[in-house]
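**Student:** The chain contents come next:
Number of protein chains: 2
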Amino acid sequence: MQTEDVVAGGRRERKKRETRLALAAAALRLAIEKGPDNVTVEEISEAADVSVRTFFNYFPHKEHAILGRDPEDLERSLTRLREAPAEQSPLTMLRVLVSQALADFEDKAGDAKQRFELIGRSPALLAQFVLLGAEDERALSAALAERMGEPATSLRPALLVGAVTTAVRVAAEKQKLAGGHEVPGLTVLVDEAFALLADGLDPAYDRTILTRDQEGQS
Amino acid sequence: MQTEDVVAGGRRERKKRETRLALAAAALRLAIEKGPDNVTVEEISEAADVSVRTFFNYFPHKEHAILGRDPEDLERSLTRLREAPAEQSPLTMLRVLVSQALADFEDKAGDAKQRFELIGRSPALLAQFVLLGAEDERALSAALAERMGEPATSLRPALLVGAVTTAVRVAAEKQKLAGGHEVPGLTVLVDEAFALLADGLDPAYDRTILTRDQEGQS
DNA sequence: AAATAGTTTGCACGGACTGCAAGTTCGAGT
DNA sequence: ACTCGAACTTGCAGTCCGTGCAAACTATTT
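Each protein sequence line maps, in turn, to chains A and B.
Numbering-wise (our numbering), the first sequence opens with residue 37 and increments by one.
Numbering-wise (our numbering), the second sequence opens with residue 37 and increments by one.
If you are wondering where the hints come from, they were derived from the structure by calculation, not from laboratory data.
Hints are not guaranteed to be accurate.
No copy is singled out in the list; a pair is fine if it fits within one copy or between any two copies.
[Said to hold, decoys possible] No farther apart than 20 Å at their CA atoms in a straight line, the calculated lysine to aspartate or glutamate pairs in the DMTMM-like style are these: (1) Lys212 x Glu173; (2) Lys52 x Glu82; (3) Lys212 x Glu186; (4) Lys212 x Glu171; (5) Lys149 x Glu69.
Start from the sequences and build out the full structure, keeping to the hints where you can.
**Tutor:** What follows is the structure, given as C-alpha cells:
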C-alpha cells in the first residue's frame, strides 16, 4: 500500500486491470468488425494475448466482455441520488440523474456509443444488457425509497424508477427508429416523456372500470 | 381439409401439435423437478420420446420450450385492443386489457403460474422471457398508436404500453417479495400503479431543471 | 531465500446448437 | 392400391461456450 497510488496497488493489480481492459477492448473491436455473434472467445483471448481459460476468469460470458460495463457508473448514480438536494421531488431527482448519465455517456468517446449500437444487433447482447439493467434498477429503487423516506416495499419508488427507465428506453428507440430523419433529439424526447409521466399519462383514465370483473382476490 | 376439423388438418398436423405439446410439457415438468438450469435438452427429448435433433426443429432454445408461450395470447390481446369501445381512453383500454390478461392467466390451470415461478429462478429463462415480452410490447404499441389515431413514431402510445408493462412487472415483484406476508394482492397493487400513472407520478416535478445543462441538440 | 497467496494455463469434460445427408412417414393423384 | 413427392425425423460430425481441476508460474511477505 505504499507504491505510487495514482492507480492503487502493486504490479499485480495493475496487470489485472490491464488484462481486463485489453479483453474488453478486443471484444468490442472484434464485435464491431465481425458482428457480435460471429466473434469467438478464442479470438478475443488471442487478441488480448491470454489463454481462453483466463478470459473466463475475468468475464462470465462473452457478452459481458463486449458490454464492458463499468461498475463505477452505477455507483456514481447512486451517490448522486443520495446527495441530491432535499427539496427536489423524486421525479426531478431522476430527471437530473438521467441528464447527468446521458452527459457521462456522451463523454465516453466513441466506445459507449458503439457498444450501444451493437446491442441493437444481437439478441444475446440485448438479453445480457437488460439483465444488468434490472439489477441497476433494483439498486436505484432501493436508494430512492430511502431518499423518499418510504419503506422498501413501497410501490411508488420502484414504479418511478421503472417508468423512468422505460421512458429513456422508449425515447432511445423512437430516436433510432426515425434514423436521422430530422428527429427531435434524444434530450427533447426524454423531456417529453418526463413531462407525460409527471402530469399523468392519461387524464381521462376511467377508474370505475376496475370494479367490474374482479372479486375477492386476497 | 375434410377430416374432423375440430383440430384442423390431417394426421401430420395433429402429430406435430402433439409433439410440440409433449415437448413443452416435458420441459416444464423437468424444469420444476430439477431446477430450470439443471435440465438438459437430451432429457426433455427423451421424455417426449423424440430425438434431440427433433427438439431443435420445434424450439430454438431450451428456454423456449420451458416458457412454452402460446402465440394466441398476444393475438387475443391485440384483437381486444382493436375492438375496445371507442370512448375509452388509452390507459383505460390498457387497464381492461391487463385485467383480462390476468384473468386468462388465472384460468390456465397451474401451468402458467408454475412457469412464472420458474422465471424468477433462472437468469437464462428471464432473459428469454424479457426478449419475448419486448416483441409483444412493440406489437401492442403499434396497435395502440393506430387505435389512438397517432403516427407510429409517436411517443405517447409507446410510453403508455411501456409504463403499463413496467407497472405490472413492478407490482408482481413487490407481491412476490413480500412472500405471503399479508400482501395487498396483485390486483390491488396493479390498481394502485395505474392510478399513479394516470394522475402523474410526481405532482411536484420541477420543469425548470431541464434548461440548465443542455444546449443545442439537433 | 523461502514460504505464501494470487494468477494463469492446459486438459478434459458436458452441454447447446447447426448443417448435412440419409431414412421414414404422410398425403395426393392416378 | 401404387407411386411419387413433400414434409418430418434422425444420426453424425462438428463448432463453440463455459466449468472444475491440478499443475505451473509470479508477485508479495517475512
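**Student:** Hints first: check each against the structure and report whether it holds.
**Tutor:** Here's how the hints hold up against the structure:
1. Lys212 x Glu173: Classified as between: cross-chain Cα gap 17 Å, same-chain 23 Å, threshold 20 Å.
2. Lys52 x Glu82: within (16 Å within a copy, 45 Å between copies)
3. Lys212 x Glu186: between (37 Å within a copy, 19 Å between copies)
4. Lys212 x Glu171: Answer is between; shortest inter-copy Cα gap is 17 Å, intra-copy 25 Å.
5. Lys149 x Glu69: within (15 Å within a copy, 43 Å between copies)
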